[in-house]
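Just so you know, the sequences run in chain order Y and D.
Going by our numbering, the first sequence opens with residue 1, and the numbers climb by one from there.
Going by our numbering, the second sequence opens with residue 1, and the numbers climb by one from there.
Derived by calculation from the structure, the hints in this document are not laboratory data.
One or more hints might be untrue.
What the hints assert, rightly or not - These stretches of chain D come out as covered by chain Y in the derived footprint (C-beta under 8 Å, 3 or more residues): (1) 28-40; (2) 60-66; (3) 97-105.
To be verified - Beta-carbon label-pair distances, calculated as ranges: (4) Y:Arg-99 to D:Gly-47: 24 to 32 Å; (5) D:Ala-95 to Y:Gln-135: 40 to 48 Å; (6) Y:Gln-7 to D:Asp-77: 37 to 45 Å; (7) D:Leu-80 to Y:Val-116: 22 to 30 Å; (8) D:Gly-35 to Y:Glu-69: 18 to 26 Å.
Here a beta-carbon is modelled for each residue, glycine too, at the ideal position from N, C-alpha and C.
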Amino acid sequence: MREVRAQPARLLVADDNRVNRLLLSRSLELQGHTVAMAENGRVALEMLQKGGFDLVLLDMEMPEMTGFEVLEQLAADPKLRDLPVIVTSSLEGIDHIVRCIELGAEDYLPKPVNPVLLKARLNASLEKKRLRDQQKDMVRRFATTAVAADLDASGFALGGKRVHATVMFSDIRGFTSLAESQPPEETIELLNTYYTLMFDAISGQGGVVNQMVGDGLMAIFGAPLPLADSATAAVNAAREMIEMVQLLGVERLSQGKPEIRIGIGIATGDMIAGYTGTQDRATYTCVGDTVNLAARLEAHTKVAGETILMDGATRAALGEKAAVTALGPVEIRGKAGPVEVFAAKAN
Amino acid sequence: MADLIDAATFKALQETAGADFVGELVSAFLEEAPGMLKDLSSAYAAGEADKFKRAAHSLKSNGLTFGAMSLAAMAKDLELTGLDGVKARGGDPVAAITAEVERASDALKGLVRA
Numbered sequence: 001m002r003e004v005r006a007q008p009a010r011l012l013v014a015d016d017n018r019v020n021r022l023l024l025s026r027s028l029e030l031q032g033h034t035v036a037m038a039e040n041g042r043v044a045l046e047m048l049q050k051g052g053f054d055l056v057l058l059d060m061e062m063p064e065m066t067g068f069e070v071l072e073q074l075a076a077d078p079k080l081r082d083l084p085v086i087v088t089s090s091l092e093g094i095d096h097i098v099r100c101i102e103l104g105a106e107d108y109l110p111k112p113v114n115p116v117l118l119k120a121r122l123n124a125s126l127e128k129k130r131l132r133d134q135q136k137d138m139v140r141r142f143a144t145t146a147v148a149a150d151l152d153a154s155g156f157a158l159g160g161k162r163v164h165a166t167v168m169f170s171d172i173r174g175f176t177s178l179a180e181s182q183p184p185e186e187t188i189e190l191l192n193t194y195y196t197l198m199f200d201a202i203s204g205q206g207g208v209v210n211q212m213v214g215d216g217l218m219a220i221f222g223a224p225l226p227l228a229d230s231a232t233a234a235v236n237a238a239r240e241m242i243e244m245v246q247l248l249g250v251e252r253l254s255q256g257k258p259e260i261r262i263g264i265g266i267a268t269g270d271m272i273a274g275y276t277g278t279q280d281r282a283t284y285t286c287v288g289d290t291v292n293l294a295a296r297l298e299a300h301t302k303v304a305g306e307t308i309l310m311d312g313a314t315r316a317a318l319g320e321k322a323a324v325t326a327l328g329p330v331e332i333r334g335k336a337g338p339v340e341v342f343a344a345k346a347n
Numbered sequence: 001m002a003d004l005i006d007a008a009t010f011k012a013l014q015e016t017a018g019a020d021f022v023g024e025l026v027s028a029f030l031e032e033a034p035g036m037l038k039d040l041s042s043a044y045a046a047g048e049a050d051k052f053k054r055a056a057h058s059l060k061s062n063g064l065t066f067g068a069m070s071l072a073a074m075a076k077d078l079e080l081t082g083l084d085g086v087k088a089r090g091g092d093p094v095a096a097i098t099a100e101v102e103r104a105s106d107a108l109k110g111l112v113r114a
């Protein structure tokens, strides 16, 4: 038999029968795991809600709250939905087993639990959990927390919904010549620092970076999660980004390197937000006129010699007192008529 | 006495969990058994079918763990037959299983001391 020793895990044994509880815990401890015990379903659920468990071994027939009820509660809790549950029961009848599996139990072990079977099933469940956690971690790394949470809650489906949101485009001025003037390693390092600072400013205001292309990025404020005032959040984030880039510039100058400058375009309005791509590879994004306008405004920062440009809808949402300069109507490619453009300064 | 506890089951339990631990486990059973019997008896008297079934289920489960096969079989019969069926059959099932628990307990004490 293959000896697989799983990584030590933190397990909860829920059983109202003390002999069963002690014996099962003993078997698990002998396998190197850390075990906590609960004498009924209610106590088990409370302990699980506090977190920190990798897996629960759940008896079905328990006073106060049965194993079935615990399974239902776990399935309804987004934080505990994926916690593997191995049902240990000596309930008579196949219908009980079927019900447990339907309620989301990972596996079913009849009591008295055979230690060899227990070890094999447990290790398989823990391994599956490890892979699931790894997958979730990947989603988090390559999407954003908000998109990962949206995926987690509603699952993945191509297609979008109409949302009112604010879109931001930003890129580094003269990046190509900058990249040519230094070794590629330095460019990557600069980009990593730059993105870290930009992500921080954007997510700090509730925005989501959904695209990074070279030195450019696109961020959405107000989707997938609604924001009370997406325009103000985006402009605040833009100001922070400019400040960060200025600080980065000071540091670079002290190292004898050229500083960097960025341009930011912001537009607010209705757009379609959702997953686009194929079933295998998709990205969360927004499409529509508002998105195009934000991209054009970002390009126009070079022409206007400004760092932050926004459209009329964003300007209007900021309120009367906002420190913003009207630049007047500007011809924007793809727009039938001239567009009113406004510039904001960094703080 | 030996017939009361299945030797192979008990030996396997000692080998996997450790003989000392099985001693503790038997002590736990000796402490818990009166409570289970009390639950069974009061559920029987009060006509609480669920509680009756749960108590029988617990006794069955522990009987199986230690290899107390006749106790397990008796408890399984009560669990499956249910309170109404058990009452319809007549006799004194609570007294019968109480006596069986005592016999199994004595046998287990003997095995642990051995």
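Verification of the supplied hints:
| no. | hint | verdict |
| --- | --- | --- |
| 1 | 28-40 | holds (count 4) |
| 2 | 60-66 | holds (count 5) |
| 3 | 97-105 | violated (count 0) |
| 4 | Y:Arg-99 to D:Gly-47: 24 to 32 Å | holds (26 Å) |
| 5 | D:Ala-95 to Y:Gln-135: 40 to 48 Å | violated (58 Å) |
| 6 | Y:Gln-7 to D:Asp-77: 37 to 45 Å | holds (43 Å) |
| 7 | D:Leu-80 to Y:Val-116: 22 to 30 Å | holds (28 Å) |
| 8 | D:Gly-35 to Y:Glu-69: 18 to 26 Å | holds (23 Å) |
The structure fails to meet hints 3, 5 from the earlier list, while all remaining hints are met.
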